[in-house]
Amino acid sequence: MTRASIRFAPLIALALAALSPLLLPTYQVAVITYVMIAAVACLGLVLMTGIAGMVSFGQAAFVGLGAYVSGYLSSQLGWPAWIGLACAVVAATFAAGLIGAITVRMSGHYLALATLCFGISFYFLVGNSEMLGRFNGLTGIAPVSIAGLELSSERQTYYLVLVMLVLVIAWCRQLLSSRTGRVLRSLRTGPVIAETFGANAHHYRLMAFVLAAVIGAIAGWLYAHVQRFLSPTPFGLTASIDYLFMTVIGGSGQLWGALLGAGLVTIIKHELQGLLKFVFGPTTRLELLVFAAIMIVVLQKARKGLWPFLEQRFAPHIAPVADIEPAMLPCRCAKPEHGLTVLSASHLRRSFGGLVAVDDISFDVKSGEILGILGPNGAGKSTLFNLISGVLSRSKGELSFLGSPLSKVSARDMCRRGLSRTFQHAALVQDMTVLENVAIGATHLGRRGLFASSLRLDRAEERQLLGWSMHLLDRVGLADKAFELAGNLSLGHQRLVEIARALAAAPDLLLLDEPAAGLRTNEKAVLSDLLVELRAEGLAIVLVEHDMDFVFGLANRLMVMNFGRRIAFGRPEEVRADTGVQEAYLGVAA
Amino acid sequence: MNTDVAMILLQDGLVSGAIYILLATALVLVFSVTRVIFVPQGDLVAFTALTLSAFEAGERPGTIWIVTFAAGIAVSLEMVEAARWRDRARALQSLLRFGLVPAVVILAALFLVPKTAPLVWKMAVSAGLITCLGPLIYRIVFQPMAAASPLVLLIAAIAAHLGLNSIGLHAFGPEGVRTEGFSGAPLALFGMIVTPQAAGVLASSVVVVAALYLFFRFPLRGRALLAAAHNRRGAEIVGISTVAAGRTVFVLAGLAAAISGLLIGPTTTLYYDSGFILGLKGFVGAIVGGMAVYPLAAAGALLVGTVESFASFWASAYRDVVVFLLIIPVLFWRSVSVLAPEDGLE
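From first to last, the protein sequence lines stand for chains D and E. In terms of the working numbering, the first sequence opens at residue 1 and continues consecutively. In terms of the working numbering, the second sequence opens at residue 1 and continues consecutively.
In case anyone wonders, no lab produced these hints; they're calculated from the structure. A virtual CB, placed ideally from N, CA and C, is assigned to each residue, including glycine. Some hints here could point you the wrong way.
The calculated label-pair distances, taken between Cβ atoms and stated as ranges, are [as the list claims (entries may be wrong)]:
| id | chain 1 | residue 1 | chain 2 | residue 2 | range |
| --- | --- | --- | --- | --- | --- |
| 1 | D | 355 | E | 187 | 53 to 59 angstroms |
| 2 | E | 325 | D | 362 | 49 to 55 angstroms |
| 3 | E | 120 | D | 431 | 55 to 61 angstroms |
| 4 | E | 57 | D | 430 | 56 to 62 angstroms |
| 5 | D | 275 | E | 57 | 27 to 33 angstroms |
| 6 | D | 17 | E | 269 | 45 to 51 angstroms |
| 7 | E | 187 | D | 128 | 54 to 60 angstroms |
| 8 | E | 80 | D | 431 | 28 to 34 angstroms |
| 9 | E | 221 | D | 431 | 55 to 61 angstroms |
Isolated chain E, as found in the complex:
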């Protein structure tokens, strides 16, 4: 291997790493607020690319039906609950929240996205559809069992992944897609050839992570989320609704997944079931940060991207094996350092 190849591999690794950073950040976010390890996030990434590709082909993406189906379930669950408490205000509120918002996006997707529409609009509608799925999944799967242990929530998350996987095959079919991305002539930067796609991915990733950081620092809603993440019980006592916190964080997770899907779509062929492995790689990054520390999680995600890129050069068949076996020493190190023998028992 010469330096040129190494530089190309490194660049590739950084670009995938930038996408894994988004996934890792969202996973850490969701875990710290709800203790859910959001495995289905990867599925949402794949669904975004599949949705966009359907728009590009001038078809109606299957996502529309998935969102309709999920919103139907969520609204009926909410109605049953509202009827039990005889709470009319709540019924109205949840109709707006789980009925009207998805309905607007669905109608836009059905009627306002002709084949000739600009790419940005298609991207926006795809992202809108996927973002809707985040809070819907939270309402259906996780909210009724919010108090369960992280382990039980993990099993539920895997079940949710399985469900999305099977509905994905039904809605999108088994074909793989590649979407359009940032176009333009390659740039020369510090003696390296950088494609516009790579530059765009890196820039978008930085912007999104920065936006998330600002969201947590400044608006009251963001700080309420942080409070819920630190201490669930305490947050509830001072009047922060942990249900609302969970919902907000799943909106963010849906959005992050959608953006990752838009960024990764042009570089890799994605199938309905490609998401799981992607999600897991973001996850390995998140684990490096102990599911809690954002800068470390970002570093972990970059590491995963780079390892994967070099592994695919040396032993492409074992690429995923290398990445997943990498997690075991990392997990070991994390769990030993988390269980620092002295404190934590009181």
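Chain D extracted, bound-state conformation:
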């Protein structure tokens, strides 16, 4: 397919969706309406499960919450549906905020099980509540009305649901391409990237959880006012499992996957039910067996779901390209003057149980200087890095940054204070573009949050952040790869992207963990030139590297570690002549 037809595909789909009620029989129109409601609920799950990496078996409970809040207000108190929508959203925000505050701290499968438990509990709570009509349900819910027109026929509700679906998709798209969205999308790889660049991962996980619940509640509101009768059954555990399976089968990483999954699963289930009833009698539920089998095969063979598979098939290599001018950030603070001590450490010590990984290490780094750290494997270099960058806390010793002492700090604080780092194993978000990956580095330089990006108030800031990221990509020589997916780059290029991302945080101190590993000779030369330039601009750089020529060619001073202790510290030529160092590396008494 051509680029243009891909670009217009959503519009064509929308036109088809808008026309179809005029052409299809009423029954089909009603079926599609329910598919679209399910798709809205699945969009919430895409945000939470596919994007932020938290599996939920409780989405139907939030759908039910939205449905019952608005349904109760409408049928018992006679409130209009639009006020019901607002109340449903508020209720979902509070409920999810409360549950999330307890549960999102949990890791992986613990969280999934917690959602499963509150999913079941919701069903029993509603089913036993007199106020909500117990298992018999709640009747007499008014339809949605717009300017006095009641939307009660199948075709009218179809358009209501279609409009809401389009709005929710537009909202999600907007959100995912913003500063907030980039952090959310990094969460699937774990909290490390977010925390390293100054974002509170726990806060963002909670945000994804609440967003999923709110979108679920919107789906529930639609359900309540389309169906106009509520019982607990469509909000039980089975429904939650259905939503999750729809999302996984469709492709949990993409918004379109939710549409595809909701449509496919509903239609397959429906058709199979008809067929199997014909063969095995009216009470059979064997369609669930087929459904489970499909799910297991998808998990075994195509874990990312069907959408990425289709995309690969019909539209490979078509990445979105935007026009972004490289630009400097206007408000960058001045670098500290040359020769100022940026970081000083004295008598640092860190032990793990009985093992002392870092023992009595003291050193300092000045601005406009490259400090190389050398040492055999297991010498404690990575632990030292983690102590400085706030990932680990120290057992003993003092650290100070730009003159102010650091007591207990986290990686997040250190980023805000002006420290930035790369990782020994390149940690990029593989399915985000290179430019977006770099822009994660600039997260703490932006101010616009969830609401601003939902309402498109963040455009000016976005232009600045992306322009700044483009500028840094330009500096590491990868501007032409800005719109490729990070996962498609060679390992050497991924390391350069990491350096650009670290620079995007506008640091005063840069920690590089084996930046030259995996680079070719000419790439190493380019990297070396870049580091010299950065040093000339006044950046302080700490470099851990195994390539001796690379380190000796660059470093102003060197520190050599062995068994967690500092065995030499000084200018390269002094270190080269040091007998202790020769012993550590060559294993002989020199």
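Fit chain E to the known structure of chain D by using the hints.
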């Protein structure tokens, strides 16, 4: 509430707790070796009672067809794989393992269990059928994705549960059953009236858990499982097959589910879909033990049984809600204590 009622509730709670201990132990076992949260275990519990009840009525239980169906799939998967590697020895081995063993049990169930057969024999054949299902489920669902994350495995486990649930309705129908249990006159123990059923359940649970403990301590196979549980990669390097370890542990899980089904059948009416909630309750117990510590998991299971028993006295409609909401603070406590902020990053 007076003391008598409290004692009766406590006894009830301990008896259900003893069954949840079995489930919790098996769940912890399966999780530590394969990282699978074996949700379908509860379904196997319900299927056991339904199978036994069919034997008691002199009918052929639907389990026979389920096992046949599953063995057919497993054997064909194995054959495809053996053909790909052109490995005749493997083809033969898997024919024996996934074909012959279930076939023997199925034939016994078809022809050797008349209505007049003694209860113990019926129980043994029911347990045999259900135990076969454990490794078959592992082969079909989990073995091809053994390297996936616990989360993906959990989704697969839920899918497997859904499949068993739907096939269960087809094979057993929607009616609930109660099976026969330990009979005899009630005993008086420390001033409490103890029914033979309660005493039997407690004793069986203790025996099975003790047997599992011994299995892990002494035979080489048990210790190999323990090694695989501690460190998958390491175990593979020293020549322990993690596939075989997974299969063994699923045999044990199937057996534990079958025994739980035989024990719980006489006390509760079980339907084809009762298993899920049962499994989850065993699971809440397992979570208390952090999916790793057996004595804590056992204590957790007893706690679940007792809470459930008292909750059904005070607010019977909310019985399950109370048990499942109990899990949230427990999970919270576990995940905070597991993520002890200092270590674990290296």
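Which numbered hints fail: 7, 9
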